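Asks: Kindly generate the complete structure, drawing on both the sequences and the hints.
As they're listed, the protein sequences go chains A and B. Each number in the working numbering corresponds to the 1-based position in the first sequence with 7 added. Position 97 of the second sequence, counted from 1, bears residue number 77 in the working numbering, the numbering being contiguous throughout.
One should not assume that every hint holds.
The following residues of chain B were derived to be distant from chain A, with all beta-carbon distances above 12 Å [to be verified]:
no.: 1; residue: E6
no.: 2; residue: L14
no.: 3; residue: S46
no.: 4; residue: L92
no.: 5; residue: E94
Simulated pairs of lysine-lysine, BS3-like, Cα-Cα distance not exceeding 25 Å [stated by the list, open to error]:
no.: 6; chain 1: B; residue 1: K(-14); chain 2: A; residue 2: K28
no.: 7; chain 1: A; residue 1: K354; chain 2: B; residue 2: K21
no.: 8; chain 1: A; residue 1: K148; chain 2: A; residue 2: K213
no.: 9; chain 1: A; residue 1: K28; chain 2: B; residue 2: K93
no.: 10; chain 1: A; residue 1: K185; chain 2: A; residue 2: K376
no.: 11; chain 1: A; residue 1: K318; chain 2: A; residue 2: K341
Hints in this document: simulated from the structure, not taken from any laboratory. These figures come from a predicted structure and were not determined experimentally. Ideal Cβ positions, reconstructed from N, Cα and C, are used throughout, including at glycine.
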Amino acid sequence: MLENEIKSSPIEEIHSLNDAKFVNFAGWSMPIQFRDGIINEHISTRTSCGLFDISHMGQILIDGDESRLLLEKITPTDIGKIQTGKVKYSFLLNNEGGIIDDLMITNEGNCFYLVVNASRINEDLEEINKASKSFSKINIKHLQQNGMIALQGPKAKDVVSNFFKEIDDSFFFMSFKKITLNGDEVRVSRVGYTGEDGFEISSTKKTILELTKYFLDDESVTLCGLGARDTLRLEAGLPLYGNELHENMTPIEADLAFAISPSRIKDGNFRGANKILNEIENGSQFVRVGLLPEGRRPVRKGTPIFNNDEKIGEISSGGYGPTIKSPIAMGIIKSEFNKPNNKLTAKLGENSIPMTITSLPFVEHRYFKKGNKQ
Amino acid sequence: MKKFAKTHEWINTENGEVGITENAIEQLGDIVFLELPEAGKEVTKDSPIAVVESVKAASDIYSPVSGKILEKNEDLENAPEGLNEQPTSWLFKIEPAQVAELEDLLDEEQYLKEIEN
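Replies: Given below as structure tokens:
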């Protein structure tokens, strides 16, 4: 495939039938919304079940005796602690502790399955390949032929378990199962990017197309585009690579310290450990925060943030939260101004919009964890 | 009669009502914010005088002619989603300063041809 060729999803025919508006996203032609609009898709996901095409996401399989060592070299995660059939959120770090990408790592038992950002697949593959040179017997496979969908929302479990009898109440958040369907491998993970309970399902193009058609026949399922995916993740306070995360940003600045394994912190033997351990101890210069703008006007990415007359940061993601029916935003600001309920200002041309620092998420997560009431 | 600007505004030449085209509203998607000019404000042709924001994006609205703002649609400003429900709604009324500026605007056929390109 040519480098500059626009890639299309295996389920594009379904998008066209549903009056999709397409956008070019990281080299992919993907639906931003369907005929009933982003707000309708967003609310349907929060109240019932949204189906998202995420075939643009990068999928990588790593196997070989030393693949655990390889992954521990490039992430701050205790890979050996990930049990078979479990998923862990992590980062690919550079030597300065900056985030090359954020990703999901699954232990499949005989290999590791990585899901990475579409916009970072080339950088990720380059970094993984480069790092793998110090290890022996490592195979890296980019699953370019796979399609992927996400089902998200309070009814997602009923919808998915109706088809896959293997998905039951013992299949918790951050769990993984590989299921065989018509001779094809289907990877099912109980994860998502909306704050809701839900699943991501990967398989061959043919099987993903069949599954999508089956799920869309369920009246509780609404087909959703990247527009709703973005408003949902923003309400859920989840970072987006290129907005909240980049190569000069550490996990501490991104307020994602939870994803660094305690054993790795104790050993201090991961990329950028000097800088990151110092930030854990003494705080980082900048930090990601949640912001609630006053009034109705959304503030967007790139808008400068002021404390009185001093510029102290920028909006990293901002828009309208359909669930809470008001503008919401995240910003990267100087840490000294990160105090709960601190008042800051977004400068939009001649307009100043007052904003209050608020804890994330804007809408509570509803993941299906052990001990939750069903 | 409605006349159109390339920047997707229309003006009703009989009563001075100004709105944005159904095509523009369709492109914007769900509208969540409107900021309209105050009555009495003097505006010049092609200057940004209002703001419309959808879930997806922010966009300026330009005055199709020079003149004085007579009235703004406050109901719509308070409930901007009304523009998706009634895409032919007017946003503000303007008293054009020069009739010639109205004549320079596109008619419907010319506008539709313009957006095809």
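Asks: Now tell me, hint by hint, if it's right for this structure.
Replies: Each hint, compared with the structure:
1. E6: For E6 (chain B), whose nearest Cβ neighbour in chain A is about 9 Å away, the distance does not exceed 12 Å, so it is violated.
2. L14: Nearest chain A Cβ is 9 Å from L14 (chain B), so the label is violated.
3. S46: Given that every Cβ of chain A is farther than 12 Å from that of S46 (chain B), nearest at about 21 Å, it holds.
4. L92: 19 Å, holds
5. E94: 20 Å, holds
6. B:K(-14) <-> A:K28: 22 Å, holds
7. A:K354 <-> B:K21: Holds. K354 (chain A) to K21 (chain B) sits at ~23 Å (cutoff 25 Å).
8. A:K148 <-> A:K213: 20 Å, holds
9. A:K28 <-> B:K93: 21 Å, holds
10. A:K185 <-> A:K376: OK: K185 (chain A) and K376 (chain A) at ~20 Å, within 25 Å.
11. A:K318 <-> A:K341: 9 Å, holds
Hint violations for this structure: numbers 1, 2, all remaining hints satisfied.
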